[in-house]
Every structure is written in structure tokens, then in C-alpha cells.
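Starting from the structure of chain A, add chain B where the hints point.
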Amino acid sequence: MYFENEERLAYLQARGKVILNACPGSGKTTTIAKKILNLEISKEIGGHSGVACLSFTNSAKDEINEAYRKLSGKSLQFPNHVSTIDSFINKYITLPFYNLLNRDFNRPKILDHTTILDDMWKTTYVKNGKTLEGLLRPLNNTEYKAKNNRSVFHLYPPSEIRIEPNGTFSINGNQPSSEKVDKTNFENYCKLIKNTQFRKGLISTGDSAFIALHLLKNNPKICEWLSLRFPFIIIDEAQDNSLMQHAIFEELIKQGLNNIELIGDPYQSLYEWRDAKPTEFLRKYESDHTWQSYDMTDNRRSPQSIIDVFSKVRRPADTKINSVDCEDFEESILVYKYSSDNHQLIIKHYDDRCALKKYASSCIVVRGNSLKDSLLGKKTEQRPWGIDLPKSIIYAKNLYTSGDIKNAIKEIRAICIPLVHSDTTDYHTLKEVEKEKSLDPHFNSLMITILDELPEFSKTIQDWTVETQEFLKNKLELSYDIDFNLRNRKSKYLEKATLSESVSQHFKKSFSAFNIPITTIHQVKGQTLDSILVFFNERKHKDNIIFENISNIDNVFPDETKRLIYVALSRPRHLLAMAFPDTITDIDIKEKFGEGIRIVTQEELI
Amino acid sequence: MHLAYIRIENYKGSEVIETAFDPKLNIIIGENGCGKSAIIDAIRLLYNIGEPIRELSVSFDDFHQKSIDNGRSKVVQKSSLITITYIFKGLSTAQKGAFYEYMVIDPNKIEEDYAKIIISYEDKDGKYPHFTYNTGNIDGQKADYKTFELFQHYYLGALRDSTKDLLSTRNNILGKVIRRFVKRENSESQIEQIIKDANSQLLDRDEVKNTRDGVNTNLESIFKKVIDNKIGVRIEEAKTEYIVNAIKPYLPHDRTTLVDEGFHLWQNSLGLNNLIYIAVVLGDIKEQIKDNGLPHFALLIEEPESHLHPQLQLSLYNFLNNANATENSQLFITTHSPTLTSKVPLKNLILLDCGKATKLDEQFQNRESEKIIEDTTKSRELLDTDFVNSMKKLQRYIDVTKSQLLFAKSILFIEGISEELLISAFTLLEDYKLEDYRTEIVNVKGTSFYPFLYLFNHSNISKRINKPISIITDDDRFTESKKTEYSFNNLVSDTTVLDSLDDSIQKGSAVSRIKNLNSVKNNADNIKIFESFKTLEYEIALHNVSHDRSIFKDNFLVKYLDIVESDKVNKIVTYMSTFPNDLMSDEERRKVAILLWKVLPAKAEFAQDFSIHLLDNLEDAKASFIVPIYILNALTHLKNGL
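Quick mapping for you: the protein sequence lines, in order, are chains A and B.
Just so you know, UniProt numbering puts 343 at position 343 of the first sequence, and the rest follows in order with no gaps.
Just so you know, UniProt numbering puts 504 at position 504 of the second sequence, and the rest follows in order with no gaps.
Simulated from the structure, these hints should not be mistaken for laboratory data.
Even for Gly, the Cβ is constructed at its ideal location relative to N, Cα and C.
Any given hint could be a false lead.
[Claimed, not checked] Quick list of the computed label-pair ranges, beta carbon to beta carbon:
#, chain 1, residue 1, chain 2, residue 2, range
1, A, G16, B, T326, 32 to 38 Å
2, A, N141, B, V75, 54 to 60 Å
3, B, V75, A, D62, 53 to 59 Å
Chain B extracted, bound-state conformation:
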């Protein structure tokens, strides 16, 4: 049995939010304030109903408020009804019996059935929000309140002091586990005997006896004749319940025998104590399920990374993934940790964004009907298997390069390290700090943008992760331009070669990738493709050749090249002098740009050196370096979402 779906209406920050869940592990990610805690709390509400002491209930502050602009003024409207719908699937037959009043059979698909409960809180001007619930599919059907005890949960809040929890006597979770074993073994009397023995051994000691007698002598002289007020002494009452609660974890120095001296838990780090707590809880769940197959256990952990270093976060994930192998328990974790997120399969990730929750693998499911074509040369529509493959690729990518893209507000996809270095430097010229807009640059190290796009291109806008996406890529026309016949020297010494190269570039056609990307964009207007004419470097060269040849060398880029390749720059100046006027025609300018482009050092080297040069001389660069327009457009698109 597992919680398969939740729909939350008017609770805290969300007007309506719904999502599916994975049967085992759910990692809920998203920015601060996007409603992660609202989802966790919405789950906790149900699981708290059956608890003798509730950790959480709904107050009037929890009703969703929204401001409505009615033309002239803004009015804050407070909703008066919170409704949360939960659907559980995968029930065992025994569970279907126990949850009989919750069961719904899908009339469209008789073999499908599930358990459903709706809880609601209404603001009726009473003292508290008015709570009601409804099980199954008909209004007013209410399973007995006692069935709520089948929803069991453990909750570790973001700043929870698990050390205290581990050491408390009242809610001693370790004690609970031990008690379960004792009950199963029927060994209460043996356990109790241990304390009885200890008590009597202590009592045999004169030190203890004398103390006791001393107290009693004093009492006697207070009460005089009445002697029914005497004390005995003991370590602990010989009752299993008290004894097991007195058992506390500590950290023994001897890690093999695990006995004798050790550190107190207070001396341990909070992060490690969190892990101990989680380990104990999972042990408890496992044993409870052995005793009773009916309840469902939810373990909710908020931001487990808060006290753990990255490697330990990964270990925690691996542990949770393996330890939580039982059918009836389910994990819900919120996190901001890219490290943790990157290791998690997409099916376990739920992304909260713009008031919407998306289970990421759903972006790769049931999408055949959208008839998306990735390869426009072949016009083949994508099948479910293609989406599965894309998901695997994306998974692999996220695994290797971390998962910041999921946490960003907007994303800029680029082809390689050169673009990454240059574009991030360009943003500084424009006073555009990527982090201000929480834009993430994703370097796909190649041209395979597609797997990423499926996260953001759903034709149904309500299912789409609707973040602004810019893709910067080259149209890579006339790739023969790399050949040695078009080397700088050949071009500058024989202008007919230069003429023909320019001609070929002008007439060249864009690679099919541009068409394909626009096809995969699937009319989603949050996605925009910005392609260079030819390549980024070509565009940089073109934009930085001024129209007036007399100020050619005033440009920041030209100045930079004049330092490293002054010979070649001078040759270009010589070539330019053959033009009739100072003001160059477009064609003349283009040819100068081709030469300048050829002067640029090898791709990687240029990007590295030039970006450093840019950053070192920001003021000069701002004065005379021109960033290619298509890049500015790409950046502007990312800003538009905000």
C-alpha cells in the first residue's frame, strides 16, 4: 500500500496543488517558499488524525490567501475551505478489507481499485476550523475513526533536535523497538528480573542501606507514632515499559564489542544523531510491519542534508533506498541538496515550481499523442520508448553533473565549455548576474539538448514545467570553412579565396539541428532557440568589426588580438586599406570579420584567455566590446520570466 496521489486545495501557500507519488521514495525539491512544507504538512495532517496527541493541526492562518486585482485595487481574498484528497494504491487484499469503507472501484476500468479519503477544514467562524472527512466515493461515507490508526508516521522536521528525541524517556523510540521484541519473545518477566536483581544487589550495599535508613530515621521523627511513611530505594521500577525506556543509545569507544565506556550522544554531531534516529525509526517500522501488515507508514524527513556533508548525504540516500524495502512504508523527503538530488532517479523526484508539482518521470510518460518529431529529416514521431530513452539520458546527465538545473528559475543551455566561459563573462558586461535571476547555465557538452527539453515542452501547459528556457547553439553552416585551404594566410594572400569563403558561408545552410530543436520545442513558448549565424566565434568577430575602418583597432577584441597576434592584425589592416572608403560596406565588413575570426586562437584556448582578459578589463570591454545580439536576446528571454 502506498500514497499514490495527493490533491491539496487552499492550504497554506497553494491554491491547488496535486501530484503523484512513487510507492517507495519521494524527494520533493524546489525553491524556498514553493510549498514543499505544505505538501509534507498536508500528508502529516492525515497521519496525525489517529494520534493521541497531534503534532499538527489546521489553524485559521493556514487558509490560503490570494490577492485579486479587480481593476482598480487589490483585494486579499481568504478561502474558507481547505480540502485535501489522498489516494492510496497497491493495497493487499487484507488491507482492502480493513479499508473497506475507503475503497473505490474505477467504473471505467473495473480491475482498478484504490482507497480514497478526503479531509476538509472549513472556516465557519467557530473557535477552530471545522474538521470533516469522507472516505470512499460517496458523500457522507465515513469509515470509523479508528481506521485512522492505520496511518502511522514519523516526522523529522528541518531543524529537529533528534538528539533530544533519542534520549527522551517518554517517547523513547529505541525503547519502543525493544518492547516490540520483548512482547514477541514473551520475555517480560526475564527483563523485569534483571532490574529486580540489580535492585536487590544495590540494596545489599551498606552505603545504600545506610542512606535509606538515615532518611527513614528522619521521617520517623517527623511522623512520630505513625510509621507508614517510610521509603525504600531502587534504580527503576521492575516493569518492562520503564526498563526499556531507560535504555539509551551511546557511542562506545570500542567499536567491535560495543560495550563499556563511550561518548554520550550529546557529544556527537547533530547530523550523525539524525542518522541514528532515522536508523532506529526504520528499524521500528520494519518490526511493526512484521507484527501487523495493515498499517501504512510514512516517514517524512525535511532537509536531511542540513547537518550532513555531501558524501554522507549520498550514503544516506543509498541507505534509505535499501532500508526502506518493505511494501507498506513510504518515504517523503524535502531537500535543497543538489548532491542528494543528482543521485535520485527521476521517478523519485517531485519538482515544485510556480505553484505546481511535477513528478519528473511523468514528463516522459504518455506523450505519444503529442506527435513530437525530433529528427526532422526523417519526420518520425516519437514513441513511448523514445521518451524512456531520453529519460535515461537525462538521468545519466544529472547524475554526472549535479542537478542545479532543477533548482533554477530559468535555464540557459549551451553546447560546450567555450560558450560557458564566454557567455558567463558576457553577462558581466551587461551587468546581468545570472544568480540574481537564478539562471542556471547548463553545458550539455555537445549538441544533444533534446533529453532536457522534454522536461519543459509538454503541450499541456498545466503539466509543463513552465520555466524560461534559452538554448544557444551554432547553426554550423559551411563546415568546410575549417579546411586548410581557408587558412588565414591563404585568405589574406588570395582575396578570391576569401571572396569564395564569404560567399559559401552566406549561401550555406543551417544544420538540421536548428529545425529539430524548433520541432521539439513543441510550440511551448517558454522555450526559445537562439542560433548563431555560423558559430559563436564568427558572430563575435562580426559584431566587433566596426563600420569605420579608421577605428578598427579601437575595439576591445581587436586590441586583445593585436597583443597576441599583432602580425595578423596588421595584415588585416593592410587588407582593409584596399577598400575605397573608410566606411565599409556590409560585404567588406564581413570579409574583415572572417579574417579576424581566423586570427582567433584555438577554440578552447581563446575562450579561456579571452574571458579572463574580459574580466580583468571590464571597464574597457564595456566601452568597446560588442556582445552578439542573439546572445543578448537569449539572456533577455530568461529575464522575461521574472
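Same shape as in the complex, but just chain A:
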């Protein structure tokens, strides 16, 4: 059953340009599903026009499908479309109309990995009997050189070059250093690589968005048709939209799209490294009057005590978040203090607590690999192989064992095709084969067999490597030997003992003893958990979260570090546990969280 309150009703009835600021636990996903259902009932969609419901990640997409199914008892299907924003832009704008850019262009492929953009320029040549690496023409010409007289390529590789909404170039959003490269040369270089890339039909997701914007601007009829196909566009997690994505939807609105909804929570924006621009969401919400702003401030997930903790990151002037229908148990907040030697004790204590209370969904989250390794009782990450292949195989197998068979097959297929077609290096051709093989039941069954019969991870790295090399050769009927390039000397990357330790010890998914996953904050985003244990770092560092971050003294929109904390702390239904370094005193803690806060003492841990 769906519970309607005033705020939800206001949003459900809203039409036009709608922006909804939804706090954690406000039932955003279910409300979106409810809205789609309402639109169907009122016949505002149906027949051959539907809702495009877009989100930032695949898992968010699955959640909407799930929520809709729960509400309506059926699955969300044509004419509606649920996907990530990227795939929507690719599928409905860039790919179908790419040929309008230039007739001579190849059919485009959206790249999974952008390394090809760098590799396509590399070549080898022979000088004085030695084979040397070099760049393809004309990258070494003067007009493409940096001030050090080498090609700009070496400073700013093509995979990092981006086209901004206004058509200028940047290096992942930044301008080139004027000390290192002349501006015109930089532009020459960018134009050359982008044109070559587009002509070859190799485009990254970022390029695709730029091309989509360009196509929409020059062909208003695409906007018109698309707005008929999808008279409603709902964008979930819209706080993570990039400026380019904002621009694309602005263009659609300008050319006829009447109903668009941006739904999100700027405090939960975690993707600045993928160009997320939460401030643009905030600007539309707060000061752009062409948008109707709505709120959802009822939290149906966490008790008020937990809400009060993560609310410390919010600006004091923001609307208060109210807990609704959540029972506040005793000790819903626990604070641990860790030193160099009690990590495992803390985890055990937390494990026991979760076991006792029967918290089925719990998580331990941590920032930074070194802290994570010490939580797992591990040393630094080992790199026993000289190539990426074995790690990809392990990844695929891990997907397989965790039940994500579709993606596991996709991964293993992408691994096997280049092995089978080792004589082909052309990206397009390999992708063609991959696509073709994905429809071949025999090949797919071979893929499953490989995943299933892959040498066990309980074997030592040494043995597993030898066996897997042989195993793949036999299964794929290869005429040559596969070499994972196993290192056998001690190095910066490898301690010799690793080779005789098991694969699973080093490369399995991380879990605590009670099987609580130890993971990153990004992975718990959007989830509802029974409990969470958040490890705070000790030292101040741009990637670290520390005790001081749980605050908003200056009354400003918090940076991404603080937003990470906000996301982590707002997950649990019943228990929020935080571990701080023991340099933080009990007084500091009580001052921040109040006298009643429960601090677990060292004695309790033992």
C-alpha cells in the first residue's frame, strides 16, 4: 500500500517542470513508481507514448522497476522506458542520428573502456634494429606540440579530453596549464583527436552527450518526436546530472518537452568525478522560478536520533527532516574508538550486536584501501600478474557466484572473444563478433561452462595461474599458450609468499566474520540497511572522512566528503555505528552528539 501525505500528493499532482528535493528515506523510488502508475491510470501516457524514467546507475534503475512491480503487480514496459541517463542519450539521440554529423563517419560504437582512445594513436617503429614506441602521424607535427617540444599527447592523453557544453575543450573539466602548452596547440590537438575519433565512430559516453546536445540543437524535430514518444521524462538521482546532461534536457524542454521531473537530493551527490553538478540541481530548486519545487521531508527509514546525526551536515537553514513511523530503540547509535590494534575487536563486537538483533542487512563502510585492508586483516594489495586478464576473470567469476549471471557472461565473453580472435585487433570488428556471439546459444553455454568449471579460488595463486592458463586454452581450443605473466620475484607489487597463498584470500569479495560486507560508501548509496558501521579516518586528506566533517558550521552547501558521510549515516533503519580514532576524546564526542551518546569502551570490546 502506498501512503499519501500532503507533500507526496503535491508532487504526484504536479505537472510541467518539476523539481523534487527528497530527503533520505523519503520513499522517493516508490513515489516515482506511484507517479508512473497514476499517469497510466489517468491515460496521460499509454498507447505508444510513455514515461522515460532515467537514473544515474543501473542499480537505481532496477529499484524503480522493482518498486513499480510491487505497487502494480506488473512489470514496467513499453511504451515506458527505464534506463540510465547515459544509455537513454545513446539509444534515443546519439546513435540513431549520428549520421547527421557527417556522412563519411563510421557507424558509432559507445566505448566501454576509453583506453582505446589513447591506444589508437600508438605505433611502433624500428630504429637502429630496435623496436620503439611512437605516435601516429600527424601527432608529432609542430602544431600539436607542447612547450617541452613533445606532442601534447604525452601531457594530456586523448581519453582525458572532453568537450564541454559550449563546445570548448577541457581535460576532464580542467583547463590545460599555460606553462606547459600553448592554447592554440592544445585546441589543434583536441580538434584532431576528436575528429579522428568521431570519424572512426569511437565515442565515449561524454562525447555521446555532447553529440546528442549538438544534434538536438540543430534538429528541433528530433526533440519534437522524442517529446511525443516520451511526453514525461523523470530523472531520478538528478543531483548527479552533469552540466551537459542538464543542457540536453533544457534543450528538449525548449523544443517541446512539457513534462520533466528532476528528482534527487543534492546532499547525496557522490559523483563529482563523473561530472555530477549538485549545485545546478540546487540552483533550479532554489532560485530558478521556471521550475516548480517540491519537497519530501518525511523520513520513514530512520529514527529521529539517527536523523539528527546526519542532519549535522545539512545547512542549519534547511528544512528539518522528520522521522515518521520509526521506533527509536535504545542504543540506536553506537560509537567505537579504534586504535592500531583493535579493528578486529570492533568488527567482532559489531558483528555480535547485529547477530543478536538479527539485523540481516548490514554493512561496514570505509574510505581508503589501507584502512580497508587493515579491517580485513590484510596487507597491501598484491599484484602477482603482469596483465589484467586474470583479475578480469576473477571479477567475472565473483559476479557469477553472487548470482549476477547476465553480467558475468558479458564479462567473460568480453574476455574470451579477443583470445579466440587473437589475430583481430580492430575494436569495431571485435565488438561485432561479441554482439554476434551474444546471440549464439552454443557460445553462451560455453561461457557458462567456463565460469562454472574455472579452477577453484581455494588453490594457491601459483597453481591457479598454471591451471587457468591451461583451462582456457583447452576450453577455447586455442592454438597458442596463454600467459598471465606471473611474477615470481619479490617486487614493490608482490611479496613472494603471496604465490603460495590462495586466490580467494587475496581477491575475493570482502566480508567480516559474520559475513557482513566491508565495502565503500558508493556501494551503499540508495540502499536501506538495518545497520551500518562507518569507519572514519584518522588523518585529514582530501579522500578521507574524519570526525570534524560531521558538521556544517559555515552554513554552506557541503563538499563531497561531507556528502559521503551524509549518505553513509542516513542508511540504517535501526543501528548507526561509527568508529573514530581514539585521538577523538569522549568529550569531543559528547559535545557533538549529546550526553546520551553510547560510547563502547575498550573493556566491552574484549
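Then chain B, alone, in the frame of chain A:
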């Protein structure tokens, strides 16, 4: 929205066939086995995909087979991939939205856009041919399967029993139309009440009640104690769906009130029932379009003439043309009926020939670049407007004289009735039956051959209707020969006049028509122009004067003239006797021929009488009548295509 183009590869008899379509009406013509049904079936394939029960699908037998001669032996090669491409144009904006994943924008002409779908069937050694489809312009783009429901069609096969269709309860098309109206009026309950009332009125009748009770008494004694097995009776369940399906057409005796007694449809002729069916279907389409502007409707009818007399065929055409006025429906008709074809504008005609499909009006479009000159005296190159005019003329001609030429394998164009009568008689002398070679003689009643030639002279051989064409015409040199000063009597009494006439004819120059025709031929080697020296009659006379004057009268033609004009023939014999030898020189022979020519009766009369005479005395004629060589050449050219 309309289907504007189709390309069919490796389907049934055609390796590759493509054609444009008219937005409204398409009449597909051509010989048997030329692939008319393949085109209709290729369209049906698409329109069947969205149907819950498919009337048509692809089987392994449908893959095109061709025999390849590799020098020594012939190998049959079976293709393994059928591909059909459909392009739709003229979509409304709403349709462009609904067909979004089908849309393609022409990069060369941004304002042009269309919807495109490709379906293919591959023989992969599976149980069935493997079906895939692709919408829009990129590989792997697939609009949702549900969009196929926007392709709606009605199909009337060549030997379809439309009577059965009209009377069936399951697919009652009349019922469908009524149901649509009921839904729109929201009158289900009223309709249902009618049956409820009828049911209860019937139940009030003792006859019905007694029957029911009798059955129930029997049931009771079977089931004894358990009494939950009793029956009630009714005419029909009171549900709109059942009621409307029970409504059937019939033919009332009273044609004004349209009620009470009448004939059952079974008593009606099949042809008329076909018409009723078509009328109902068109009504259905019209109402559906009113309710939903998105779908495209294709109405496919094969050989509607099969049960209709010619006048009714014309009425049907007129009706279809008018009734199908809505934007989103399109008609595809195959026919062998010259009557029907002759009334149809060229833009609606698609001719299938030699594995090629040609929309006839395209032979008159975009041809300026070929720089064809029709009037060689003025050397003016033809413009688009000239082609339009030619098309109108051709249209007019076909309208009046029927359209057999489109159904023929080869065509002989001639100037008039005389040629028609004589040449068809000549063919019998040569044991050449025109119908064996499916040659059509087209009498253009004059000398305006040009409008016809544009159908067959495209410089691009892939666009040309590449049938063998012979044109027989006169070079009409020295037309003064008709003047009275050159009458038979003057010529025979004064040989100097005869000498000068012969001289003038020899020196005369051919009329410009010959040059013009050769120019319009446009280097297409399927077209050949065969001109007489002077006229057909002159040539006949010349060919039938033997070299030896002693056997002059043995000739079939001379014998014939000896009967009707023995005086004049004798005068010729007298004239010939002035020659020194029995064997005549060419010049002497020519002059005798001129005299003989002058003896021939008036043009029309001669052709009529002489052709009958020929046919009546075929054996004699074969023995001594000589057919002019240029005519034999013309006939040989027509045979060469086979």
C-alpha cells in the same frame, strides 16, 4: 503515412526487386509468375508480425534459388538470407513520435525524414528460419515489438472465399465495425438489453418453457438427488461481443426499406460478395482511423477481377479510388485485367517484368539529364514538362485502347489499321503467331510513337522496361507521288512521267520522323525502328514483282489484282513487253512495281480485302507472296527477346 518503398531480397522468385509505391493506390501488373504475389506477400509479412495469429510466415521454401552456370554444369544455389526493407513516408507528427525508433533523417537533405524497418529471415539450419528486425538506421536498433500492432492489414487472396469470411462468427468483420460504434456511443447496456428482452419474451412462450422443463425432468431423473444440473435456454448470451458477431449481412428483397425477407449471402455471386467484403473492410478502416490516427492500414487484394465482369471492375476501381481517401490507408491490388488497368493513372501502376518492378510514372520523371531530342530539326532537349505531357498522352491512349501492351512480352508499334490488318496476316504466312510470343500489336493511329517509347528507352538499363520493341513506319519520301499527274493512266501512257516519278522516289528523302525516332530510341538496343522505303504498299508491290517478267502473273498479289483490276494488270504486262529481256533490270522492276502499286485499291480497302484474301488462300500465298524484308526483320527482333 504510407509505404513509399520496398526492397525485397532473395524472397521467393525474386533475387532483388525494389519499387516505389503511390501513397493511395497501387495496381501491380505483370505476367503470371513474375512476382506479383511475392510483393504482396512481402508486404503481408510485415503486417502479420503484430497479429496474434499469423496468416503468413516464411518457410525454407521461400528462400530464393537460382541456377548458376559455372561453365560445365548448372548448380542450383539457394540463398540463406531473406531481407525486406520498408520505407514509410508522410508520417504525421504524432506518428513520428510513435515510430520514434523507426525514424531516419536524410543527412543529405535534413528536411527529409522517413520511417524505416528491415526484417530478415536467415536459414541457420534451425527448425524455422531465424527472424530478426531492425528499425531506423543503425544496426541492432529495435523498436518495441508492440509497435508492430501499428501495421494493420486486410488481405483478400486471389481465390478467397469472402462469403465465408462475411458469415463467420469468429472473425466477423461487420461485427467489428458495429462494436466500434457501440464502444464510441457507450451503448453496450442498451444492446445487451435487446437480447435480454428477446430471451425473456421467448421464455414466456409455453413451447420454449415446456421444452426446457422436459429436458430438466429428464436430467433430474438422471442425477436424482443432486439437482444442480438444470438448463435454461436463450438465443444468445447478452454480451455485446456475442451479439454483434451474430449480426450478418443478407440481401433483402425490399431494396428501399432493407428489412424483412431476403436472400442469404450464399445465394449471391462470389464476385458480389467480394465487393460487399471490400465495402465492409473499408468501412472498418475508416472508423478505426477515426479512433486512432497512429496505425497504417494496408488493404491487399489479389485479382479482384476474378469474379467481376468488366463494367463492374471499373466501378470497383472508381469506388476504391474514392472510398480510400484517408491518409493512413493504402491499397495494393494485383490484376491481370486490362480493363481495370486501362482506367488507372500511370502513377498507380507498377509493372513487373524480367524480375524488375517499375512504377510507370517514374519513366517520365527526372529524365532531363538524358538530354533526349525528339524533334531533330530543332535539336531541343526534352525538359521535365515534355515528359509530363508525354505521360498524359500515353495515359489518354491507354485509357481509350486498353492496356494490353503492359502485359505483353514484346510490342510491335504500327501506324494504322492497314498495317494492323496486313501485318497480322503476314505473320501467319511465316507461321509466327503473335500470341505465342506474347507480342502485342499497338496501333498508334498516326505517327506519334514517342509517348510510348519513353516507357522503354531509359538510358539506365536497370530502370528501363527492357522489352523488345519494334516500330514499323513509313519513310514517306516524295509525298507528291499521290498527285493526279502520277495517276496510273498517266504513268502507263507516258513513260517519261513514270521515269520521273521513279527518279523522284529514288532521290526523295525520308521524313524527319525516322531521324527523330532513332534519336528518341536513346541508344536503347531493345528498341528498333524499321522503316519502309516509301510506304508499306510500295514495299509490298516492289517485293512481289519477280525478276522474270514471264512469271509476273504467277505471284499471289498479282493474281489477286488480276481479278479485281485485270485491265490495269494487262496494261502493266503490255508495258513490260517493251523491255528487251525477260530478266528485268532493277530499274525496270521498280517501274513495274510503281505501276502495280498504283493498281492497289484505296489504302483501307486494300488492307481489308487483301488480308482476308490472304487468310482464305494461305497455302497459295505461302507459295508465292513475298513479305517485305523490313517487316520480317521487325518480327525477328521481337522474337529475339525470347
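Hints versus structure:
{"no.": "1", "hint": "A/G16 with B/T326: 32 to 38 Å", "verdict": "holds, 35 Å"}
{"no.": "2", "hint": "A/N141 with B/V75: 54 to 60 Å", "verdict": "holds, 56 Å"}
{"no.": "3", "hint": "B/V75 with A/D62: 53 to 59 Å", "verdict": "holds, 54 Å"}
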